[in-house]
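Engineer: Residue strings, one per chain:
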Amino acid sequence: MDIKDIGKDLDRLVKIDPKELIPLPHPYDDPSFEPPIRELSDEQKMRYEASLDGIVAIGIQRPKTRQEEETLIGRFLSGLEKLLSPENNWTFLQPLYHSLEYCVKCQLCNDSCPAYIASGKKEIYRPTYRPEILRRIINKYIKKRSGLVLKLTNSDIELNWQLIARLGELAYRCTLCRRCAQTCPLGVDNALISHEIRKIFSQEMGIAPKELHESGTMQQMKTGSSTGITPKAFANIIEFMEEELEEKTGKSIKIPVDREGAEILLIHNAGEFMSWPENTMAFAIIFDAAGIDWTLSSDLAGYDAVNYGVWYDDIQLARIARRHAEIAKALKVKKINVGECGHAHKAMIVIADRVLTGDLNIPRESALPILADIVLNERIKLDPSRNNFHVTLHDPCNMVRLMGIVEPQRKILKKICPQFREMEPHGVENYCCGGGSGFAIMQSMNFPDWRNAVSGRIKLKQILEVFSDIISPDIKKYVCAPCSNCKGQIRDIFNYYHVFERCNILYGGLVELIVNAMEDMKQPFIEWEWR
Amino acid sequence: MNSMNAFIAILTYFAYTFIIVAYTVKIIKYLKLPVHLRWELYPVIHEEAYQYGGSCFEKSNWWDMARKRRNLKGILWLLRGYFTLDEYFKKNLFYWLGLYPWHIGFIFIITFHILCFMGALFMVSGISISHDSPDVIGRFFYYAILLTGVISFISGAIGGIIILINRVIDKNLKTYASPLQFFMYLFTLAVFLSGLYSWHYTDPDLQEYRQFWVGLITFNFIGVETATMVHIIFFDLFLIYLPFTRSLHYITRFFAFFLIRWEDTPNIRGGELEKKLLKQLDNKITWSGPHIMSGKPWKEQ
Ligand code: SF4
Ligand code: SF4
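Keeping their order, the protein sequence lines are chains Y and F.
Each step along the first sequence adds one to the number in my numbering, with nothing skipped, and position 204 is 204.
So the mapping is simple: my numbering equals the position in the second sequence, first residue as 1, plus 531.
Don't read these hints as lab results, they were simulated from the structure.
Computed from a prediction, not measured in an experiment: that's the story for all the values here.
Just so you know, even glycine gets a beta-carbon here, dropped at the ideal spot from N, CA and C.
One thing to keep in mind: the hints can contain errors.
Restricting the straight-line Cα-Cα distance to at most 25 Å, the calculated cross-link-like pairs of lysine to any residue (SDA-like) are [claimed, not checked]:
no.: 1; chain 1: Y; residue 1: Lys334; chain 2: F; residue 2: Thr796
no.: 2; chain 1: F; residue 1: Lys557; chain 2: F; residue 2: Ile541
no.: 3; chain 1: Y; residue 1: Lys334; chain 2: F; residue 2: Lys705
no.: 4; chain 1: Y; residue 1: Lys151; chain 2: F; residue 2: Ile541
Per label pair, the in silico range of CB-to-CB distance [unchecked claim]:
no.: 5; chain 1: F; residue 1: Phe785; chain 2: Y; residue 2: Leu159; range: 32 to 42 Å
no.: 6; chain 1: Y; residue 1: Pro18; chain 2: F; residue 2: Phe714; range: 34 to 44 Å
no.: 7; chain 1: Y; residue 1: Lys8; chain 2: F; residue 2: Val699; range: 22 to 32 Å
no.: 8; chain 1: Y; residue 1: Glu20; chain 2: F; residue 2: Glu579; range: 37 to 47 Å
no.: 9; chain 1: F; residue 1: Lys702; chain 2: Y; residue 2: Ile142; range: 24 to 34 Å
no.: 10; chain 1: Y; residue 1: Glu87; chain 2: F; residue 2: Phe648; range: 39 to 49 Å
no.: 11; chain 1: Y; residue 1: Pro231; chain 2: F; residue 2: Asp595; range: 46 to 56 Å
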């Protein structure tokens, strides 16, 4: 495939053939068991642009008229100009400028990319491919180079709506895990280019995956959560959780909500309340037992830490960050603690730091150090032998490579899980779960097949490898993933490949393991069943 | 011949002035870009737990902790990278085999020119530069100039050839290489090979360069052998060409690490950073997505 093909009138640039994907270890070493990636229906193909790789993540509607095509091209170019302007894009202009100008195309970063490697090295997924296209467009249409210069720089690219639509889709074949950026000796960040392309589409063209924008950030600000949980529904959930807690622990634990002046405002990814309520309950049990002065918030968006803006739209990012800070300010808490959600950690604690000014700049931190303090200083009574199964740890990119929170979770696991083992590589060199940058929640058409089979493949391979000597379904194994999105992705991969049935590997969070080891728990907190 | 001498001298003055001005403009442009959102990537060099990539976020109440920025450690780390190109060594040995001598060629050719300039200053002040100079400094400069010059020509030429072969036969590299990139490799090869030729055939002591530099300093432009002249012209043109390439990555790599990858300065209420940010949050934005209030500043969105 030639780089220039991105603008060619072809039915599909690349076809994902399951046989070309990198092989998985036992018991998945027979490629004929590889589930096929679903083809789109004829109607879907007619309606949506799917000519990149036959997968649809965003669902860009095909223009019906020449006029619509022109509009798409025009808006893309005006967005690109704004992306390069300090007023409109002060947020990322310097890193973007560096990455556009100083890549020497040595391709050293390529093999760091899980999606590229897993796909059998498909050209379009190469970390340097998107930046190359964007540079060529900038050379010709923004810097207005012409003639010989265009030819000499390989920038003689013809912009058409299909190219733009493919580039938009392509920005959603990168999980923004930034493993490639970590490898680059010159500090170039190809993940950032994907991020910035996504911004052109959202901030200028109004195009973004529905799960991130319409039912993501927009819904969060309107109804309180991207899950659709309203403040009223939240109150019911808390009531239900308290009943469940009593049933499970035999203790009556009051979950503090909207308690003014508490030391900590704990904010969870609201997906936990829906899909893994045991995680939020475990937090309540631990904090209650350790005597932590904490509260949850029932305010609009105060009970949902997610900030999908960090993946595709700086304005949405800033709006949600401000909302979270306003809630903390109104509650007069001393600090915000983020629960087990990687991107919320990164968005709220690090990236939003420079949009929160004055009294909105409220101290924000991860819940992991507090948990480590509770466990390591034995502020609760623990019996590690209760975690009598093999455990490995998945490092969420946002918490680890992007924030440097590496050890607290390990220290906890080493203390409470006698059969803990590390997967390789781990820590800041970890591989993304394949669900990063919003993928885990994106359910559009056949996109989940792609993320299970391609972007999540290396993670599955790592998990199977770390347990390779005990892969038999007779032996219990647990992947600890202290991040809601990573858990969602691991759940989906495990479903796709029937990993629980075939290998008896369960997944879950960190706090569940802590509570499972608590001495005064009458029954195991972790129920060993697939949900 | 005299007009030719003057031409080469003027070209040399121009080349040096041009590259300094062009690089400065580029550097200023880079540094003047607005302060951006945090986008660091771990390991961050000045963190205590740098060894495993840990950060202050591993501790509760991290904002109360004293933060030390160890700039020297970062500078040394980056410099080590320049002199070893170890990332390439580990990940693509064949590429490193070309890249390393090629870069050594550049580092030494720059050193060679600086030494020529300094040597010329000494010569003007009456110190003879030769292998049997009565002054230690004269002998030192003689050998230093000779060694740096010869190493740069040989190393740069070998590296240039290997890297060119690499770009042609390695599919990954070839796909993304533009004609301009091949032109650059050939150009650098011409610079190094012409230097090698003039040293080997016409000027084994490289004394013509020293004389040429004396001429530049005293405005008494002297003539040099054709081979040396060709090399000087190539090198001058190369200096003029460099700002149009990505060569500034030697310097911007420092910026990328210090201003982006390791840039983790927290925003403190009332601090200098906050002042800058408040100004930027006042910028009106013109994005026209349907959910954006185009024309309103960031802070009112
Ligand atoms: S991003 Fe860095 S590692 Fe990758 S090709 Fe560019 S310079 Fe090389
Ligand atoms: S950020 Fe991750 S997924 Fe994206 S190109 Fe880089 S390594 Fe690949």
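Engineer: Quick one: are Glu20 (chain Y) and Glu579 (chain F) within 37 to 47 Å, going by C-beta?
Structural biologist: holds (45 Å)
Engineer: Mind checking the hinted window 22 to 32 Å against the Cβ distance between Lys8 (chain Y) and Val699 (chain F)?
Structural biologist: holds (25 Å)
Engineer: Starting from the hint 39 to 49 Å, judge whether the C-beta atoms of Glu87 (chain Y) and Phe648 (chain F) obey it.
Structural biologist: Taking Cβ atoms as reference, Glu87 (chain Y) and Phe648 (chain F) lie about 44 Å apart, which means the hint holds.
Engineer: Taking the CB of Pro18 (chain Y) and the CB of Phe714 (chain F), does the distance hold inside 34 to 44 Å?
Structural biologist: holds (42 Å)
Engineer: Assuming the hint says 24 to 34 Å, is it satisfied by the Cβ distance from Lys702 (chain F) to Ile142 (chain Y) or not?
Structural biologist: At roughly 30 Å between Cβ atoms, Ile142 (chain Y) and Lys702 (chain F) fall inside 24 to 34 Å, so the hint holds.
Engineer: Would you check the hint for Lys557 (chain F) and Ile541 (chain F), treating anything up to 25 Å between C-alpha atoms as holding?
Structural biologist: Cα-Cα ~24 Å, so holds.
Engineer: Can the restraint linking Lys334 (chain Y) and Lys705 (chain F) be considered satisfied, given a maximum Cα separation of 25 Å?
Structural biologist: violated (56 Å)
Engineer: Is the hinted range of 32 to 42 Å satisfied by the C-beta distance from Phe785 (chain F) to Leu159 (chain Y)?
Structural biologist: holds (35 Å)
Engineer: For Lys151 (chain Y) and Ile541 (chain F), compute the direct alpha-carbon distance and say whether it is at most 25 Å.
Structural biologist: Violated - the C-alpha atoms of Ile541 (chain F) and Lys151 (chain Y) are around 32 Å apart, more than 25 Å.
Engineer: Does the Cβ pair Pro231 (chain Y), Asp595 (chain F) satisfy 46 to 56 Å?
Structural biologist: Cβ of Pro231 (chain Y) to Cβ of Asp595 (chain F): about 33 Å, so the range 46 to 56 Å is violated.
Engineer: Verify the proposed pairing of Lys334 (chain Y) with Thr796 (chain F), using a straight-line Cα cut of 25 Å.
Structural biologist: Holds - the C-alpha atoms of Thr796 (chain F) and Lys334 (chain Y) are around 21 Å apart, at most 25 Å.
The structure fails to meet hints 3, 4 and 11 from the earlier list, while all remaining hints are met.
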